[in-house]
Every structure is written in C-alpha cells, then in structure tokens.
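Participant: Residue strings, one per chain:
There are 2 protein chains.
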Amino acid sequence: MMSGVRKKILFVVMDGLGDRGCASLGGKTPLEHTQTPNLDKFVRLGNSGIMDIISPGVPPGSDTAHLSLLGYDPYKVYRGRGPFEAAGIGLISRPGDVAFRCNFSTVNDKMEVTDRRAGRIKEPETTELIKALSGMVIDGVEILVKEGTEHRAALILRGEGLDPNVTDTDPHDLGNVLTSVGRTKNAAFTASIVNKFVRTSYERMKEHPVNILRRKKGLPEANILLPRGAGSFPDILPFPQKNMMKAACVAGVGMIKGICGVCGLDVIDVPKECTGGVDTDMIIKADVALKALNKYDFVLMNVKAADVAGHDGKPEQKCSVISRLDDMAGRLMEMMDGNVVVAFTADHCTPVSVGDHSGDPVPVTVYTEGMVSDNATKFSESGCAEGRIGRIRGCDLLQICIDLANRSEKFGA
Amino acid sequence: MMSGVRKKILFVVMDGLGDRGCASLGGKTPLEHTQTPNLDKFVRLGNSGIMDIISPGVPPGSDTAHLSLLGYDPYKVYRGRGPFEAAGIGLISRPGDVAFRCNFSTVNDKMEVTDRRAGRIKEPETTELIKALSGMVIDGVEILVKEGTEHRAALILRGEGLDPNVTDTDPHDLGNVLTSVGRTKNAAFTASIVNKFVRTSYERMKEHPVNILRRKKGLPEANILLPRGAGSFPDILPFPQKNMMKAACVAGVGMIKGICGVCGLDVIDVPKECTGGVDTDMIIKADVALKALNKYDFVLMNVKAADVAGHDGKPEQKCSVISRLDDMAGRLMEMMDGNVVVAFTADHCTPVSVGDHSGDPVPVTVYTEGMVSDNATKFSESGCAEGRIGRIRGCDLLQICIDLANRSEKFGA
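Protein sequences, first through last, are from chains A and B. Following this note's numbering, the numbering of the first sequence begins with 38 at its first residue and continues without gaps. Following this note's numbering, the numbering of the second sequence begins with 38 at its first residue and continues without gaps.
Isolated chain A (complex conformation) (with noise of 0.2 angstroms):
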C-alpha cells in the first residue's frame, strides 16, 4: 500500500451528458454551447481526457456503463439487465438466480395484450395484485415477485439448473403474449418455467378484486405478468472487497441504485426533491454525496437529468440542465476538502439528434490536490480532448482515481 495521505472517492456521473454538434446550437455541443465555469474551474486544476466507456464506437446501456465506471470489464461479467432492475425495486438477486423485469398488463381472453402498462396501474394496487402471486413454486423452481414503480414490477426464478438464455413473453408492442424459449438447450427448462408462471399470473389475476373493480371503473385490467429482459446475476467480486474501500451510491433512478446494489455498495436514500427527472434537486443531492463521503470511502453519485433532455430530442433543455449540474460543480467545489479525488464524467453520450445512447466518446476530468497540469481549460466534448488523460477506457476510470487517491497496491515488487 502507498504512503501518502488515503483520500476518498467521488464520481459523478452526469448521465447522458455527452453530445454531438447541434444545428440549432450553432454546431456545438449543449456542453460546448453552455457557460460552466465551475466545471471549467476544476477542468483547469485537474487533469482531462475523453473515454470510451466500453469499446470505440460501442453505445452503452446505463448497466453496462456503470459495471465499467465501477472497474468491471462489461463483456466480461454482464449477464443481463434483470437483476440489476430487480435490485433496484429491493429484490436481491443471488448466484443462480434467473430474474426479469415485468410489467402488469392487460390481455383479452385469447391472450391479446390490449394494454402493455394496465392503463399505468400503480401502488397500492399493484402490491395487493402481487399478493396473490407470492409463495409460489413451479416444478421446484421458487418464484419471487416485487411490485416497482407504476405498471412496473421484478421476478427472480431461483433453484436447480436455470439459464439467463431465454426470450421474452412480452410482445414489446400490442399483440399475442410470447411463448418464451430458450436460446440454447440448457435453457428449455427455465423458458418453462416463465411460461407456466405467466399463465398462473393470468389465472390468479383475472378475477381479483383489484381487477374487477377496475371493470367496474372502466380501467384497463392488470390480469397478467409479462417477464422480459432476462440475466443471471453478474460473476463478479464485491466491490468492497475487491477495492478494499467502503462504497455507496446517491442515486434517484431505480436501475441505478440496482446496479450499484449488486456491485455490493451501499444503497443511500435520496429525498423526494431528487426525482431522477429534469427537475431534480442537484444542489441536495450533492450535498447527500459529499455527506455519504464522511462515512464512506467510495461514492458514486448518479444525476439523470441531462439523459432525459437526450432522449427527448431537447437541445435547449440539455443546456438548461448542464447550468444546473455546473451549480451542482460549484457547491461541490465550495464544500469539498483537499482530501477527495473527483471525477466528473457522463456514463455514455445521448446525442439530441439521436435520442438514444450513442457510442462518442464522454468528456472526463479527475481533480484532486497535487495534480500535474494539462492544457485543457473547458468541461465539454472537445474541451476534455486537449488533457493529458488522453483517450481511456471506461473500466481504467476507477483505478486512475483509487492511485491519486493513494490506495494502489503495486504490482510486483
């Protein structure tokens, strides 16, 4: 282990952030286009550089991007999302496990979907209707069931002889509710499974109280479970052990939080004021984060915002956010002690003029006291470009950080 003073760890994570040139932003970035002096400020005290999250030219998911931002190689140990939306609703997935995210539905009596979201059913009706699909188990296979956010909900299969290699039963779309099958032979078993469960969800939902009073209102009917997005949890050592460090992560996003929770970091309630939307309360949750720091070592904190104007196709909404995440910087700068390494970083780029997740580089800047400087003086797309980090990869993120923060362990001797 080094000498020197052990600092802490604080990564934060502007999802969606990175861009690329927008008409109607003159041809520059949000990120380029939008005044950031505090993040410029720590642009210019640290060091900078662009990073490929996973691979050049490879667009993350938000599981796959913040396996590699917490040191794990995707390709690797990804298995799938459904473990990681599972434990973002609380349920705790183990080695083995099979689990999918579901969403509450409604079909006709010749298994039509009509509805894929059961007119966005939510609590406390979903939680009476999941009631009735506790305790079971099939051919031997224990059957776990949470109800999430609205229509939303999580399964985990767990026994003998399962595989993640299944296709969903959701349609995606209206239409006749999929037979799962399996990708590979091994999987028959587990797809069999999910099919039994689905027709028994059906069965024991249907004539509900639940649902026939929603008949009763003209409510869509929640009468059915559809499992998609199957994974097995990921083969991976725990955080904390792995990095020898305590770990945490501020989020507001359920997926997030369950990503982060089956890397084996703790899990910190957000208050209501921090949505996981555009109208997120940066300044509260950074101070949540810079808290967290007291008691932990390592702290990823995740902030949606930018992400969502991403999606939404919303130059001038993307713009708007980032002022607010360089606010989210200066209270960051103002409380922070000399003894914390901080990254600031996005976990993939969504372009506006896409829409979704886009395989472009992300700006990266680390700072901590005591850095060599680089020309880089402004936090966007281009400006990172100039640093001295150069060009890395998303996985290489955490190490660099854990060394200037005087935790490496060297490698021979």
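Do not rely on the hints blindly, as some may be mistaken.
Since the list gives no way to pick out one identical chain from another, each pair is judged satisfied if it fits inside one copy or across any two copies.
[Said to hold, decoys possible] List time: in silico DSSO-like cross-link candidates among lysine-lysine, alpha-carbon distance up to 27 angstroms: (1) K415 <-> K78; (2) K243 <-> K65; (3) K243 <-> K254; (4) K351 <-> K283; (5) K65 <-> K415; (6) K351 <-> K447; (7) K415 <-> K233; (8) K222 <-> K279; (9) K233 <-> K168; (10) K447 <-> K65; (11) K415 <-> K183; (12) K253 <-> K332; (13) K78 <-> K168; (14) K113 <-> K332; (15) K253 <-> K65; (16) K279 <-> K113; (17) K283 <-> K168; (18) K65 <-> K78; (19) K233 <-> K147; (20) K447 <-> K113; (21) K233 <-> K243; (22) K222 <-> K332.
Bear in mind the hints are in silico, worked out from the structure with no lab data behind them.
Given the structure of chain A, go ahead and fit chain B onto it with the hints provided.
Facilitator: For chain B alone, coordinates are given in the frame of chain A:
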C-alpha cells in the same frame, strides 16, 4: 438500433500513405511537405487522430491491414496470405482449403531456379500452361490452379486433413527448389501434397508446346510452378452479416480485391484507367466509389499509388501522388452529401527511407455532418495527432464510423 438518420460509410484507404521525415524534404514527411487543401478541409470539419493499424510498432501486411480496417482482429482471424491472393485472381477458397500464391519459374535439370519469374511470362502462355495442370487429384486431394497477372498464379488444395503450416518451395532467390515441410506434425501430409504437386508441374510443363516455342525463341521456360505463402480461409463472419450493411470495395490491385472478397464484400470492377499503379486515375475511382454508395451502405476504396512511390523510395514522386490524392478528396467533397460518414486514412506507412511497410501509426480523419470540433487543421502524420480521436487501433475505426452513421447496437440496456 439507434434512431437518427442512418448514414452510409466510405473508407478512403490511401495505401502506404504515411511516412517519416525525409532529409530531401527538409525533414518533413511527404504529407507535411505537400499542399493538401481538400484533405485539410476534411480535417478542419471532422475529427482526426493517429491509428495503429495492428498494434504500436507492428508493420502490417496489406492483408492484415485490410482485415483490421474491416473490423476483424487479425491476431484472431489471419491464417496466411494465400486465400487473399487466390481470391484476388478469382480462385475462391472455402473453409478447410489451403491456398498458396505461386510463381511460374524456370529450373534447370538439377532443379535449380535460374529465373524466379520465367522471364515475366504472361497470358495467354500461362493460360495454356495452367490447362496442363488442371483437374489433378493427388492422394485424394483436389488441386485447383489459376493464372494471375504476368508470372503469378494461385493454387488451392481441397480435401480432408489439410493444414496451412507448411514452408515455401520457392527459394525467394536463385538456388535449389525447396522441399516443403510441415511446421507441425499435422502439416506433414499437406507438405507432401505440395512437393508432389511441384514435381508434377515440372513433369507436365517441361516439354509443353509453350515451352518448346519459348526455348526456340531463347526465352526462359516456365517449366515449374512454385507455391509459397500457404494460408487457410480466415474463420470470420462475413462483413455484411456481421455489420448488417451491404458492402463493396473499389480497388485496382488483385490482392485488395481478394481480401475484400474473402470478407464478403462485393468487388466492383474499376475502369482500366484505375491501374493500381502510380499512373492510376483517382478521379475516375472516386466517381466509381460515389456511385457505389447509391447501392451499398459501406464502400472501401483503395488507392495504391502512394505505396508504390514509398516502395520505390521516391519522396518527390510520393509528394506528387499526394497532390493528386488531394484532388480526389476535393472531388469527394464536391459530390458527397451530408449523409455519408467518410474516413480518410492509410492501411500502413511505407516510408521512402525504408522502401517497405513500417509500424508507424497512420493519420486518420473522420467526417460527417454534426461532428464535435477539434484542433487539428492539417492532414498529416503530425497534424492529425492534434485531433480528438487521439490514438486508436485500426480495428476500432469501423465501429466508430458505424456509430456516427447511427447504425450501432447498444451493449446492455
């Protein structure tokens, strides 16, 4: 799949373009020394960088370089040059075959090579000679042969239990014909077939009417066919399936056509003005490539001239080729619409001071509408290094362009 406009992709591969500082050019490279206003405009509008086609300091062959540019890792898929040479003259190998390139050579009755190229014999004499070798089967192995340009030919062995790990029979100089041996135990059978084929080629050609006539004229007889460069078919998913793009190549040189053909690209015939030599008509070739973009999603265009000047060690000639390449870039700029992602690069450096391929990184510039700006202004080895692409690997370029073309698939969710 991303939303946003799906664009087309054009790779302009300026063969052997990169160089080192030349004393006769005041220490500058040919690219630095030559005015290139059109290429520079692409640099100012696009993003630039330098690229290790294989890995830092490794000089690529034309075959491994193009595999890498087409997105394949040559360390994983390359199994020798033979299949590409064979495909380049229209002899298509299959998985399991072993392919060679060959020379028609002249040997005396002691089996000593007295002319490796049989006086640069060519069609139609080689066509006649090849007929004498057709339809042969040796120890159950089918023999396929075809004449190429001048003294060149290709050979394919087709049958069970073949292995490409065999040595050449061509001494690569004057001297005894070599006996092919297996580099591994498994390859001994293949080597024995090669040796029997070489002996049979001598027996069938030495008194062939073509050679009786050449003897009368005092010309070296083409009385033996000497295989070298054994290779097996690369184990790859064809480019169009792998990348979900209709793809074509526009090239004058047989081997480049062969590589692209083996990778599943359609090979577009170029007019006879596109010679593959220093006198090639680049404007006509650019027009062929632009026309191909109407029909194909991806077009690779190879222009050989700079490589020839590099191999010949002529810096001034290389400068003059570069001027014409820049005119070609001007033509592309004039005729191309905003829905193309274009990459200007080289497959390797061929420094005039070396006269062969080197492992120096090549310059690369990528342009489409909506790029993030960078600081590079000049298309050259030094100029491109100032851009925000940084330093990438050859096999990363395709994915970067696929992403900019809004055709990439998200990894994760």
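Participant: With reference to the structure, classify each hint as holding or not holding.
Facilitator: Results of checking the hints against the structure:
no.	hint	verdict
1	K415 <-> K78	both (8 angstroms within a copy, 25 angstroms between copies)
2	K243 <-> K65	neither (53 angstroms within a copy, 72 angstroms between copies)
3	K243 <-> K254	within (15 angstroms within a copy, 97 angstroms between copies)
4	K351 <-> K283	neither (38 angstroms within a copy, 33 angstroms between copies)
5	K65 <-> K415	both (13 angstroms within a copy, 21 angstroms between copies)
6	K351 <-> K447	between (47 angstroms within a copy, 21 angstroms between copies)
7	K415 <-> K233	neither (56 angstroms within a copy, 64 angstroms between copies)
8	K222 <-> K279	between (34 angstroms within a copy, 24 angstroms between copies)
9	K233 <-> K168	within (18 angstroms within a copy, 67 angstroms between copies)
10	K447 <-> K65	between (43 angstroms within a copy, 25 angstroms between copies)
11	K415 <-> K183	neither (45 angstroms within a copy, 59 angstroms between copies)
12	K253 <-> K332	neither (52 angstroms within a copy, 57 angstroms between copies)
13	K78 <-> K168	neither (53 angstroms within a copy, 66 angstroms between copies)
14	K113 <-> K332	neither (31 angstroms within a copy, 38 angstroms between copies)
15	K253 <-> K65	neither (53 angstroms within a copy, 75 angstroms between copies)
16	K279 <-> K113	both (16 angstroms within a copy, 21 angstroms between copies)
17	K283 <-> K168	neither (36 angstroms within a copy, 52 angstroms between copies)
18	K65 <-> K78	both (20 angstroms within a copy, 18 angstroms between copies)
19	K233 <-> K147	within (17 angstroms within a copy, 71 angstroms between copies)
20	K447 <-> K113	both (24 angstroms within a copy, 16 angstroms between copies)
21	K233 <-> K243	within (15 angstroms within a copy, 77 angstroms between copies)
22	K222 <-> K332	neither (48 angstroms within a copy, 40 angstroms between copies)
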